[in-house]
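Student: What follows is each chain in one-letter form.
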Amino acid sequence: MPRQIRKRNGVVVQFDASKIFGAIRKANQAVGEEAMTPEMIDVLTKKVAASVEGNDIPTVEQVQDRVEEQLIAFGYAKTAKAYILYRAEHAKIRQAESSLMDIYKELTFRDAKDADIKRENANIDADTAMGTMLKYGSEGSKYFINNHVLPKDIAAAHINGDIHIHDEDFYMLTETCCQIDLIRLFSGGFCTGHGFLREPKDIRSYAALACIAIQANQNEMHGGQSVPNFDYAMAGGVRKTFRKAYFKALAQYFEVSHGMSRGDARALVSAVRESVGSEPTLQRGEAFGQALSEWLPAHQRENGFEAISAQEALAAHAYAMRTAEADTDDATFQAMEALVHNLNTMNSRAGAQVPFSSINYGTDTSPEARMVIRNLLLATEDGLGDGETPIFPVQIFKIKEGVNFNPGDPNYDLFQLAIRTSAKRLFPNFSFLDAPFNLQYYKPGDYDTEVAYMGCRTRVMGNVHDPDRQVTCGRGNLSFTSINLPRIAIEAKGDLKKFYKTLDDRIDLVIRQLLHRFQIQCGKKVYNYPFLMGQGVWLDSDKLGPDESVAEVLRHGTLSVGFIGLAETLKALTGKHHGESAESQKLGLQIIGHMRERMDEESRQTGLNFTLLATPAEGLSGRFLRIDQKKYGKLPGITDRDYYTNSFHIPVYYPISAFKKIELEAPYHALTNAGHISYVELDGDVCRNLEAFESVIRWMQKCGVGYGSVNHPVDRDPVCGYTGVIGDVCPRCGRREGEGVSIEKLRELRKKYPSMPRFVGLE
Amino acid sequence: MTQKTTAANETMMVGEGVGFARIRRITGYLVGTLDRFNNAKRAEENDRVKHGL
Ligand SMILES: [Zn+2]
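Chains R and P are the protein sequences, given in the same order. Quick note: the first sequence, position 467, residue 467 per the working numbering, numbers continuous. Quick note: the second sequence, position 22, residue 22 per the working numbering, numbers continuous.
Pulled out of the complex, with its shape left as it was, chain P reads as follows (with noise of 0.2 Å):
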């Protein structure tokens, strides 16, 4: 990750306009980051509904 930092108020930040990590499973398989899931998916991921006991 790119280790951006800044002098707020004379204190350091780090980890500004670093996102977080979503990890999914797509079909048997898992992908890292929606970021590269097509539209499709996007859509599908976004509509699971988690199921119950």
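Chain R on its own, in the form it takes in the complex (with noise of 0.2 Å):
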């Protein structure tokens, strides 16, 4: 029996056999039935005494684990049960009585840059007086969910690290996100909540109006927004802008060259809008030309307006297609440059943060399309104001055989454009259509059938509610939930039954708990949604009135369960990580493989689609961590960083080659239908060269990546405006960090890079 017992407040004390006795006993009571004897529980006492007996101190935590154990060794299960839950409550009282008030303290009278708490997500700033009452709300929500909301052991699971539940602030409220179909949403104009708005009449409104409809939902949901078909939904603003463009120089050009009054070659010009049958475009311009040509010199005669010849009306014609097409790609260019600069700026969530917003295209070849595409892709590389980096929208430039990726497909060229976006501002990452389980959904031109995906990875696609709509456009992820592998596998000791018996029960509960939510989310009205489900951007809701559940649509989105830090597992289990050995790699995968056939069971037998999600690690690596090092110390390789890696990821220390990582990784990405991504870090003159960018990105799409993008440092001098590598130095005009540049030398220096930022009364 050990001498001594360390508290959770650290204090070391007596050990005291009677205190489990008793709360062994107590917790049998409970139940009512297996009825235990004093001598039964004596044994147990003493069993558990021994087993944490050594050289060093127990904690109560351990002593408590050795309890469970021993109840269940012994098949008193319900009594095992019941002192789970007597542990859970404890636990809860013990939050109670502390943490919130001292949240609160903390919130309050601490920075930022000293409270990790404050930096949870990196795009809040919760230094605002907005970015901290949100955080009073967020975190008093998430005591009120942990007290007196969850199920008990769901609760204890959450609080004490087996899982975590993601957005759990968000918990009695709404769902992750949404993939926002712009062209169905602008047909006929919308409402969003403050006001109509009429459908738009050109790229530049085309391109407003994107952006308030991703600020309108993301004030409904609590993840993300993405536009899966940004190319195909903006390219109708483009043909307007064309058409408005064509007629305005058409008009020009008879004022100009026949002397016409403007009112005169306006009423002309409407004439013929009246009756050549077709509308100009970038793509039939010929056919619009030939119409002219026969129309309006008999129209000219038969009126007795003034002549003009059909060569006369080509003439015309052939300058109004060519005035068009440049008004156009300027308009669309400052539209692009305006759409990027507003979705870094414009606030959400009472100003703590701009919109979480993804845009997807690539793969619509028209004209029009391939304007915005190219446009956007130069106002990205261009940068904002001084050319600073863009932050939001996440791009993705989807690849697909045939339509992009190789010489001769139709945006071949806008790929290359991608690629050399990409190298120098980080963005756009890439999906791949091609790989076999984004493949299966695809029809060509069809953007309902292009896998998208949101920023961070969320993937929605598959179906089992409603096989026929496997589309990306109106759904999205309800909420997810993510196990920690590593705990299991540092508790199985090498014992893999043990570890898929474990994570048997976790995945279990973690379903249980996805459901518990989902029945919250269900009791919710189309009027709580006004803009998700008011404007029917949710699939189906536009069939729902405003006091009708949205429990019926809901189904069409995804509840996934997540994990994180596959490389911990794998050294806990076998020694050694994926990276590291063939062997750890076989069995990673059919730890992942295991988890999605449970996912696609469970979709089976409840019709709601369960998926299985790589987890975006952000606050977690660290939370998970963090208390495993507490129960378990400094393993090596396991808990001896600050953070777990991130889901299936080859650990981010580890030297590999780029390629080698992405071929070990590749087969995680078939396994993780909720979403995945996979990045390599590149050296930044290695990302200067494009065909060793370009390379790396066609392996991610010969490997079967489902979504990967290149890393690279971007850094940037606010004083000189310098982008690319900085170390302690910057390259252009020499100073430190926090150094100054005497302003001869900025002159100096702006007659060789005149966009270098400007400051106003000094020079």
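Mixed in with the good hints, there may be bad ones.
To be verified - Simulated pairs of lysine-lysine, PhoX-like, Cα-Cα distance not exceeding 20 Å:
hint, chain 1, residue 1, chain 2, residue 2
1, R, 630, P, 50
2, R, 501, R, 78
3, R, 7, R, 19
4, R, 501, R, 586
5, R, 81, R, 26
6, P, 50, R, 660
Derived by calculation from the structure, the hints in this document are not laboratory data. Owing to the predicted nature of the structure, the values given are computational and were not obtained by experimental measurement.
Now that you have both chains on their own, put them together as the hints suggest.
Tutor: Structure (structure tokens):
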């Protein structure tokens, strides 16, 4: 029997076996069956005490773990369950007594740079008034959910770090994200909840309304917003802008070359619009010119207007085409520049954040869409105002063989431009429609069958609820919860059977939790989501009235189980992670494959879309690790860093070639149908080598990656405007971080770099 | 940015106290400055090694 025990507050006290005895008796009495004799309880108490004997002073948590184990080992399953609940209840009470007010104090009196809790999401500024207000709400909500909403064992699992319920603060409120079909939304105009917006008439208003739609939806959901078909959606705006520009230029031509009054020229053009059947477009210009040259001379003659020959009509048409194309191109560039600018500055969530936006594009081969894609990439390459790299929207270039991947494909030039842009600005990322798990849905030219990704990685495509509607638009993730995989492996102590048993229990728990949350979500009405449901953004919500339940249409969404730290899991089970050993890779694929099978099985049974997510680990990578480090100490290769490795990634610190990393991670993309991403880190100079960059992307495509990108350092000196890799010293102006540069030097530099930032009043 | 200037040896200096902006990808998205990374992410970013081709 140990002599001492370490309490939760760290204080070491005398070990008292009667406390264990008392706790077991209490739990057994609470059950009311499987009655235990005092002798039996005594046996168990001694077993527990013996099991924690050793050189180290045991902790209360360890002793409680042993109690659970012994109860289960001796077949007292119900008592074990009661004991677990008893522990959870006490964990809650402890939390209730201290944490919420402490959290509020921390939020109030500490800066984000000192308080990790204020940097949970790197794109929220928690130092502002509204940011702090949001955090008060968020922390208060989590407290309420943990203590009054969640079933006890689920709350305990979340608090103790077995699982992590993402966006728990929104548990009672809404869903994660949605893929917005702007084409449907724009048609006939729409309402944001703050006024009606007419159907847009040109590319600039298309782009502006795209931002407004993203913003409106973002305020009703807790995750990001994505446009899965940005090129298809914006092409309509280009078409309208071109038509307007064409007729304007046609009128100008007659004003100048025939000396017509503006009124006459306009009258002529409106007669053309009424009488020449087709409309001029970038693609069908020639046909329209032909029709014009046949109709116009006769029209002039018959009405006794001044003569215009067929040849002149053709010349006018040629001028109008040329001018309209150039004007439309300019307008499209401005529209894309404004879109990127807006999405980096527009407020959502009471000003604490810009909307978390993603746009997918690359596959529409119409000249209008090509104009959109090209100008968006060029605007991204240029950067914001003083050349800053845009953070939003997350851009995803969809790669498809026969469309843009190979020389001769109609959008191959845009793929090349995408590579050049990404090598400078980190965006676009690349998605791969030829990966078999994406290709199975693909129908040429139908954007609804092209898999799209949300910025961080979310993917929504398969649909067991409605197999005829395996589409991207109008659907999204409902909620997701992640499992702490390394902990299961640590506890299994090399016993694979035990590992899988615990994993299955955790999956069961998470499924139960996701369904618990789903029931709450199903209690909502259309009027709870005036935009998302009220404007028909979510699939089938257009068929519902404002007072109707959203329960049925939510079934188009996904419920996802995520995981973190496969690398550490494999380390714990085999001593090597999947980058180090082919055996470990095999085991890794078995584990993740098993999780996926469980999701498919659950989908079959419930008719709901249960999917497996390679969790984006931003907040979680540290949280799980911190808890486990306290629990198990610093286990080499497992808990000895400050984070667990992202989903199925090869650890970031492990030296491996880009190609090998991609090859090893690709098979996990096929298994994680709720979303995945792989990236490689390239040296700044390698990255400037576009062929090398392209070879990485092509390898991703070949290996069956679904979504990937290339990371490289993008630094910027706000003083001289230099963008690229900056070590200690800025290569352009020669200053170190925090140092000043003389005005003379900046003036000198500006001769060479005219786009450098200006310093008002100094120069 | 703040335009902090000082006259040092009668030369106007620009940019004192101004840091460099360092953009990094967290998961699929970018973050404009390392200051807003949480501790774990900062450690992860710090540990990242470049992948050769
Ligand atoms: Zn500089």
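Student: Return the numbers of the hints above that this structure violates; sort them in rising order.
Tutor: 1
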